[in-house]
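Chemist: Numbering (full-length UniProt numbering), first residue to last: 1 to 178.
These aren't lab readings, by the way, just hints derived from the structure by calculation.
In this text the structure is predicted, and so the values were computed from the model without any measurement.
Ideal Cβ placement from N, Cα and C applies to all residues, glycine included.
A portion of the hints provided could be inaccurate.
As the list claims (entries may be wrong) - No more than 30 Å apart at the CA atoms, straight line, and that leaves these computed lysine-lysine pairs for DSBU-like:
| hint | residue 1 | residue 2 |
| --- | --- | --- |
| 1 | K93 | K128 |
| 2 | K131 | K93 |
| 3 | K131 | K94 |
| 4 | K93 | K171 |
| 5 | K159 | K128 |
Claimed, not checked - Label-pair restraints from in silico Cβ distances:
| hint | residue 1 | residue 2 | range |
| --- | --- | --- | --- |
| 6 | P67 | N152 | 35 to 41 Å |
| 7 | P67 | E173 | 35 to 41 Å |
| 8 | E173 | E114 | 27 to 33 Å |
| 9 | T175 | N68 | 40 to 46 Å |
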Amino acid sequence: NNRNNAKLFKVANFKPENLFLHETDDGRKSSLIVNSRDPTKQDDPSDTTLDLTSYQLHDIESVELPPNLTELDLTANRLSSLDPRIGHLSNLKKLSLRQNLVEDTAVDPISHWEALSGLEELVLRDNKLMKVPDVSIFRRLLVFDISFNEINSLNGMSKVSDTLKELYVSKNEMTKME
Numbered sequence: 001n002n003r004n005n006a007k008l009f010k011v012a013n014f015k016p017e018n019l020f021l022h023e024t025d026d027g028r029k030s031s032l033i034v035n036s037r038d039p040t041k042q043d044d045p046s047d048t049t050l051d052l053t054s055y056q057l058h059d060i061e062s063v064e065l066p067p068n069l070t071e072l073d074l075t076a077n078r079l080s081s082l083d084p085r086i087g088h089l090s091n092l093k094k095l096s097l098r099q100n101l102v103e104d105t106a107v108d109p110i111s112h113w114e115a116l117s118g119l120e121e122l123v124l125r126d127n128k129l130m131k132v133p134d135v136s137i138f139r140r141l142l143v144f145d146i147s148f149n150e151i152n153s154l155n156g157m158s159k160v161s162d163t164l165k166e167l168y169v170s171k172n173e174m175t176k177m178e
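With the sequences and hints as input, model every part of the structure.
Modeler: Here is the structure:
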């Protein structure tokens, strides 16, 4: 029975009336559709946050990613690759991939994700990165966290947007500043 195998996801700042479970025509896969907003914020009412923290997910294929998604938190999962659908979320402002199994080759495609050029916060903390990812596409980046990785050089940091306000690089494998 598929209902016994259903996974539950935590969605931040939602009201029950804004959470929908969508089943495909074949009835085998379900997708989570979220339209949520923090009522304390005076932001755009279309702001949507999806928090999939600590579900030990290996992928997010069965998760519906609303096109108006503004925050996606995939912290503390088992992700080793990035779902290419993330690259089409043109309203995304915050993306957290903290505490996953992400390696350099998995984040290489983000340098071509034009739709995400408005991203303001990118958290790649505590993964398996060995180099600074190319984030030059993110022209409004304010927060960039690559701490707790295996990075041995800050080569590539010159490509980071001049809008950057917070940079986290601690606990890497750097022995000298270049």
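Chemist: Look at each hint and say if it fits the structure.
Modeler: Structure-based check of all given hints:
1. Under the criterion of a C-alpha separation no larger than 30 Å, the hint pairing K93 with K128 is consistent with the structure, at around 23 Å.
2. The straight-line distance between the Cα atoms of K131 and K93 is roughly 23 Å, inside the 30 Å bound, and the hint therefore holds.
3. For the suggested pair K131 and K94, the alpha carbons sit about 21 Å apart, so the restraint of at most 30 Å is met.
4. With a C-alpha separation of about 25 Å, the suggested pairing of K93 with K171 holds against the 30 Å cut-off.
5. Pair hint K159 plus K128 holds up; C-alpha atoms about 21 Å apart against a cutoff of 30 Å.
6. Separated by about 38 Å at the C-beta atoms, P67 and N152 satisfy the suggested range of 35 to 41 Å.
7. A beta carbon spacing of about 38 Å between P67 and E173 agrees with the range 35 to 41 Å that was offered as a hint.
8. Between E173 and E114 the beta carbons are some 31 Å apart, a value that agrees with the proposed interval 27 to 33 Å.
9. T175 and N68 have their C-beta atoms about 44 Å apart, which keeps the hinted 40 to 46 Å range intact.
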